[in-house]
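2 protein chains.
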Amino acid sequence: MLLVHKYGGTSVGSLERIENVANRVAKVRDQGNDIVVVVSAMSGETNKLIDYAMHFTQNPAKQEMDMLLSSGERVTAALLSIALQAKGYDAVAMTGRQAGIITDTIHTYARIESIDPSAMKQAIKEGKIVIVAGFQGVNKDGNVTTLGRGGSDLSAVAIAGALKADACEIYSDVDGIYTTDPRIEPKAKKLDTISYDEMLEMASMGAKVLQNRSVELAKKLDVKLYAKSSFSDNEGTLITKEGNNMEEVLVSGVVLDKNQARVTLRNVSDKPGIAAEIFTKLADEGINVDMIIQNVGIDGSTNLGFTVPGNELENAKKVIESFDHDIGSMDFDNNVCKVSVVGVGMKSHAGVAAKAFRALAANNINIQMISTSEIKISMIIDEKYGELAIRMLHDAYNLDK
Amino acid sequence: MLLVHKYGGTSVGSLERIENVANRVAKVRDQGNDIVVVVSAMSGETNKLIDYAMHFTQNPAKQEMDMLLSSGERVTAALLSIALQAKGYDAVAMTGRQAGIITDTIHTYARIESIDPSAMKQAIKEGKIVIVAGFQGVNKDGNVTTLGRGGSDLSAVAIAGALKADACEIYSDVDGIYTTDPRIEPKAKKLDTISYDEMLEMASMGAKVLQNRSVELAKKLDVKLYAKSSFSDNEGTLITKEGNNMEEVLVSGVVLDKNQARVTLRNVSDKPGIAAEIFTKLADEGINVDMIIQNVGIDGSTNLGFTVPGNELENAKKVIESFDHDIGSMDFDNNVCKVSVVGVGMKSHAGVAAKAFRALAANNINIQMISTSEIKISMIIDEKYGELAIRMLHDAYNLDK
Chain A
1 MLLVHKYGGT
11 SVGSLERIEN
21 VANRVAKVRD
31 QGNDIVVVVS
41 AMSGETNKLI
51 DYAMHFTQNP
61 AKQEMDMLLS
71 SGERVTAALL
81 SIALQAKGYD
91 AVAMTGRQAG
101 IITDTIHTYA
111 RIESIDPSAM
121 KQAIKEGKIV
131 IVAGFQGVNK
141 DGNVTTLGRG
151 GSDLSAVAIA
161 GALKADACEI
171 YSDVDGIYTT
181 DPRIEPKAKK
191 LDTISYDEML
201 EMASMGAKVL
211 QNRSVELAKK
221 LDVKLYAKSS
231 FSDNEGTLIT
241 KEGNNMEEVL
251 VSGVVLDKNQ
261 ARVTLRNVSD
271 KPGIAAEIFT
281 KLADEGINVD
291 MIIQNVGIDG
301 STNLGFTVPG
311 NELENAKKVI
321 ESFDHDIGSM
331 DFDNNVCKVS
341 VVGVGMKSHA
351 GVAAKAFRAL
361 AANNINIQMI
371 STSEIKISMI
381 IDEKYGELAI
391 RMLHDAYNLD
401 K
Chain B
1 MLLVHKYGGT
11 SVGSLERIEN
21 VANRVAKVRD
31 QGNDIVVVVS
41 AMSGETNKLI
51 DYAMHFTQNP
61 AKQEMDMLLS
71 SGERVTAALL
81 SIALQAKGYD
91 AVAMTGRQAG
101 IITDTIHTYA
111 RIESIDPSAM
121 KQAIKEGKIV
131 IVAGFQGVNK
141 DGNVTTLGRG
151 GSDLSAVAIA
161 GALKADACEI
171 YSDVDGIYTT
181 DPRIEPKAKK
191 LDTISYDEML
201 EMASMGAKVL
211 QNRSVELAKK
221 LDVKLYAKSS
231 FSDNEGTLIT
241 KEGNNMEEVL
251 VSGVVLDKNQ
261 ARVTLRNVSD
271 KPGIAAEIFT
281 KLADEGINVD
291 MIIQNVGIDG
301 STNLGFTVPG
311 NELENAKKVI
321 ESFDHDIGSM
331 DFDNNVCKVS
341 VVGVGMKSHA
351 GVAAKAFRAL
361 AANNINIQMI
371 STSEIKISMI
381 IDEKYGELAI
391 RMLHDAYNLD
401 K
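Chains A and B, in that order, give the protein sequences. Just so we're aligned: 71 in the numbering used here is position 71 of the first sequence, and the numbers increase by one with no gaps anywhere. Just so we're aligned: 314 in the numbering used here is position 314 of the second sequence, and the numbers increase by one with no gaps anywhere.
Honestly, the hints are just simulated from the structure, not real lab data. Just so you know, nobody snuck in bad clues.
No farther apart than 30 Å at their CA atoms in a straight line, the calculated lysine-lysine pairs in the DSBU-like style are these:
(1) A/Lys164 x B/Lys140
(2) B/Lys48 x A/Lys128
(3) B/Lys190 x B/Lys401
(4) B/Lys125 x A/Lys62
(5) B/Lys355 x B/Lys258
Input sequences plus hints: build the corresponding full structure.
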């Protein structure tokens, strides 16, 4: 088999942990597999370098930031290669450039445009373990770029796709995807399998194991993705296409997102384009709008509700207030959270949503906003009930069974 | 003017010191100069990375070491560029590759083969201050290489040569070249000017301001080299071609090298090739031989003396002992040092050497070995007299005047 492993910052956070990763990689090699290993910077390094830059200015040039930040992954890649060689394995470390990762020119948040895997393929053919510095590529001008936070996951998935690897295994300090956050609900259960789409809904809502862009790319490139722990030999969770057997699985997990603030606009002029204008302006200011709800208007006006990240509420307020002649009244609330129920096939099964509403109502938790999609029901509730709601929903769907 | 500045590890050893360098560069820029700045890694960084690698093996692969070690200079280059931009200056950071530095393929001790200065020239033309990560280049296979310890000096000189810069200024924590080590002789005087050749003799003997390869390259490329301090506005020392006025200067400095061990071989078979064989074997073992003295033989045998670095004496012993059938007796002494008098035109002035011998004799310092060249007299003496000899010689040649 040809496997791509990716080890995150915590997994390579010290020389002892790099040694541990070397042992794990060596074992996989001994089992007769070809292997490409993508590594992050040692934990803390990237933040240290950002702090260094911030010492000089709050707004450093992005090209320079990429040159600065890409150094951390190079260090880890070189060290892991050295650690493997010290154990008698033939290994070679490659930068993003050497691994053939070509990106667009958007520094600090570049997108991978293509991968020329010939150098990696050649090294694999020569029997080498290939170690690639994650999080980075090179643009057409020959400058180093980085892929944004969590970009090493993206490197790994893209490489797995380009090499047509049998699997891409993402190693972190958690051993898979759980039905919910075990710190909130101790009965949370690790999932053996989850679909790409479910994972996307879980990840965007705070299950911080896998970066969303990498799940999207895995889906696009049809890469079999595993979330595993580098500190145990547990099986992990396979993220893959929906299989036939998934019909039975109704709800995979419940997720809490506390970084939410609610905006409610009442009696908004129901003239065409006003919502578009508001959301365009919000986007221009870099404010990420999450849930959006609009009811059918009555008497030429409508009510509009949406959520933004808590720390962006103040900026959102300013934008909204510039529209005050078109809005009857406005209401902002930072003390809310979002609880979501995620599951493939949810829509085609009656009663799934009703079960959620009943579970909350039975505990006197008022639902302020509801939004549903093919595989998700999200509810905005008072922040203080967040953990309770998660436990009640986990129980209602029998996720601990 | 087009100037190349190089700042060593101590000069960029903290964020405050990088800020200080940014201020110095900005000032030079404000005076209307174009400027390229070559930087080393922040002091301690390179050693830290070496320690990391040594955690895994005493003998890490050199290609991996280059990937590892080249990261330090990239960090400094990016940070200095960010610091200058924060002050409102237009700056751009370049890796060795981006600056067009092409080397041979000998990892960790690569030689610069050529420089394609077009990217630097273009940036200068656009009014940018160019910041280059020193110590590194790229070989024909596209792999990062490093130039060996002190390689940033070499980067700076090579860039100054390629750009035909008006001067190359090497900044460190000392403010120039002194007639001798001021810690030994407080009356030591800073030299305004010294020739390339004198500097080469000074540097190889422990005046650690400038790396020898960079002085050699400066001589070859006819680069005007300045040794200056980044912590003062003192004039520094100009290292350049011998001018006419240099005829008068007899002795520029006296230098002490304590890292010496003496090997004396008596009654060596005076057959052709035996010396060659001994020194070839020593070279094969990576032992650097410094002084070599052989007298005309008598009765078919000769005496051979040479010095090696103190820490290589044990290895040298092993090599020599393998020749014992050809050697009458051997004598090893680690408690010696070398004092040298350096000066252009020394040979053409009678009595310069005699003055050195008299100065030592007057203080009852026995000279064990003597070696002379065009611009240098070196003497091996008992290690404990080293500092005394330096002071006496400094005085004998009136170097404090």
